[in-house]
Every structure is written in structure tokens, then in C-alpha cells.
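Trainee: Residues per chain are reported as follows:
Number of protein chains: 2
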Amino acid sequence: MSTEAGGPAPATVELLGVLAYGELSAFDRLAEDARAAPTLAGRAQLSTMAAAEIGHFRLIEEYLGGSGVAIADAMAPFVALIDSYHASTAPRSWLESLVKAYLGDGLGADFYREVAGWVDPGTGELVRRVLADTGHSAFAEREVRAACAANPAQRDRLALWGRRLLGEAVTHAQRVVAERDELAEFIVLGSGEKGGVAGLIKTVQSAHGKRMGRLGLS
Amino acid sequence: MSTEAGGPAPATVELLGVLAYGELSAFDRLAEDARAAPTLAGRAQLSTMAAAEIGHFRLIEEYLGGSGVAIADAMAPFVALIDSYHASTAPRSWLESLVKAYLGDGLGADFYREVAGWVDPGTGELVRRVLADTGHSAFAEREVRAACAANPAQRDRLALWGRRLLGEAVTHAQRVVAERDELAEFIVLGSGEKGGVAGLIKTVQSAHGKRMGRLGLS
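Going down the list, the sequences are from chains Y and B.
Sequential numbering from 1 applies to the first sequence in full-length UniProt numbering.
Sequential numbering from 1 applies to the second sequence in full-length UniProt numbering.
If we strip away everything but chain Y, and leave its shape as in the complex, we get (with noise of 0.2 Å):
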């Protein structure tokens, strides 16, 4: 999907501007949870979860930039949206935050992996770097399953709060492409091959149902 001049599609520069936005909010309020850590080694964790994002976001950058597209321009449609997603989705514990990093870094990779063969050569290999596993998310997992095998009444709001998160992501996601035509256009047609959006939907779902279960949480 790119034009005739090699660079990249408007709908190639919409969707990496919403991962790149993605990875910069992404950065912050991990950055945020991070300070309110119980101990300093969870602190470390989070902040480095925090730090991969920007190492994903740079790619972005560069590969832009390499197009002559400044990132914040291509970002810039989808800031408000994202801050809204992540302003009704505040996590209240230590806990809350490992569960909303872990599922939200999910939830994003399941996404761009179903996206990323629907793009141009270079931006699909571009995706696919940025999906990379950081490697970060067992202290998550060991995390989560230990609070919640401690305390059932503790799984159960967690559990909560997990499909809380799921349905938050598809509300939004869908105001983003209510608003944003070429993306809209560009969803529909990747998508088609695999029962169009409502396919896409139930496939992220089953994703994260298993995520839940990795935490414990289902």
C-alpha cells in the first residue's frame, strides 16, 4: 500500500500514527505507574517496559522520517482519542497498572499483527520489528498470578478490570476509525479476507481471553 512515488499510503501514515502515539502514551503512563511501584525492582520493570515502548516509537520515527513525514504530524489526529482511552482507564493499585500494561501491550501486538500483512512490504516488516516481544511481561505474569493465588476476592476485581480494559480498547478503537475514513476504508478492505472487522474483534478477544488466563485471571 504505498504510492506511486515510493512513499508511504495516507492510510500507511494514519495507522503508524496511531501506533506511534500508542507507544508514546504508552510510555507515559507506564512511566507514571512505574513511580508508584512497591518496591524498587517492580519500579525497574515497569520503567523498562516504559523505555521498550520508546525503542518502538523511534523505529516509527525513523521510518517516517525517511518518507519526509514528521511524526508528530502523523500522530497528532489520534491524541486526543488515545488520552481518552488511557483517562478512563486509570489504574488505582500497583496491581491495576501490571494488569493494564501486560494486556494493553497485548491488545496492541494482536492488532498490529493482523495489520501487518495488509501493508506494503516495508511497513509490514516495520510493524513486525515494533511487535517484537520485549521479554518483560513474565515479571507481570508471576506478579499477578501470585497476588491473585493469595487472595481470591483480589482476582476477582482484577479479573474485572481485565474485561474492563477489552471493552475500553474496542469502544475506542472504534470512535478512531468512526473518524478517520482512509483508515476506516483501509480496516475494512485488510480485514474482508477474515470476516471484515467483526472477525478482527473476535480475534483480539480470544487473544485476550488467553492473556487473562496467563495472569490467572480467568
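Check the hints yourself; a few may be wrong.
As the list claims (entries may be wrong) - Covered stretches of chain Y, as calculated for chain B (at least 3 residues, CB under 8 Å):
1. 27-41
2. 73-79
To be verified - Which residues of chain B face chain Y? A few of them, derived with a C-beta cut under 8 Å, are:
3. D28
4. A51
5. W161
None of these hints come from the bench; they were simulated from the model.
Ideal Cβ positions, reconstructed from N, Cα and C, are used throughout, including at glycine.
Given chain Y, work out where chain B should sit, using these hints.
Mentor: Only chain B this time, still in chain Y's reference frame:
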């Protein structure tokens, strides 16, 4: 300066503990300051500087981990004093944030460049890798110089701020050394060749002055 068993000497663990917590706390403050950026581009730049601190932090974590030392244990003695430094130098504006990020990075680098020669070769190599310029200083120089050129009163305020940062850094560093006998002895021994602690402070002051000049603040 390594023990017979090959692990780092206690003073080296303390040194790496200060360095590591310096990086982790700088990450935290830069991430917080990034939120107040006037533009998305500025926010991305300061966030990238923050993430670079975690890259350095991780190098130290791996190195200490290889010797069986938990980085959280190495950092613990220095948390209160480094937090106190940041509390006493909380930026009140975006430009103060940039000046603090730039000068703080430089002050840390000066200190570690000096001590890299006093430790065992493995630790020295690590310290030099941590020091490697992250290449984001040009952004701060450009922004601060432009703001100062347009507004001499602004320049005078930021010049005062830059001098205060040095004073607070020296005061807090002296407190750290006063509280940690091993570290104090290590610094006195190491800096002996170059005129002791007074010589070390003089070296740092001189480099600070040059950095103030590059920001247009001298």
C-alpha cells in the same frame, strides 16, 4: 578494584548503585517533565532521553546480576538522597526541564568519566558504555539557545537555574559521600592523582561552565 573471587569490590557495587539509581530517577523525572512539553515533538524528544537512561540502567543491572548482586539492593542506600536532589531541583517550566536534562546528563558523565579509570577493567568498560552519548543533546541546545536569543530576561533566569543545579548537585554528592565510608575512601584514593576531591569538583565545575556556554547561558 575487584575481590579475589572476581566479583566487584564493595565500593564498586556502591558506585554502580549510585549510577543505577541516578539513571532510574532521571528516567522518572524526564518522563514526568516530557508530559509538560509544549509540542508533541518536544515530548517525544524528552521521552527518548528518558528511555536512554533505562538503556544505561539495564547495562548496570546485567553487570551486577552477573556477579549475583541484585540492583535493587545496590541502589537502596542512595534513594533518599537522590530523590532529595530531584525534589530540590524540580523544574517549573519546559525550558528549566531541558536545561536540567542537559546539564544533569553532562554532570553525571563528567563524574563517571573520572571514576572509570579507578575501577577494575570490567567495571571501567561498563561505565564507559553507560557514558556513550545518546545523541539527543543537540535538541536541548537548539531549543534553549533559541529561547534565550529571543529573550534576555529568560536567559538570565535560566543562567541562575543552571548555576543552582550545579550547587545542588555538588551539595547532594557531598552528602552521599559523607554517609558512605567505602565510597568516600574510594573517591579520595582515586582522585588523589588529580588533586583529590577538590580537584574532581574543579574539573566538574569547568565542564559545567562549558556546557552552560553551549546552551547560550554564560
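Trainee: Of the hints stated earlier, which fail here?
Mentor: Number 5 - this is the single hint that the structure violates.
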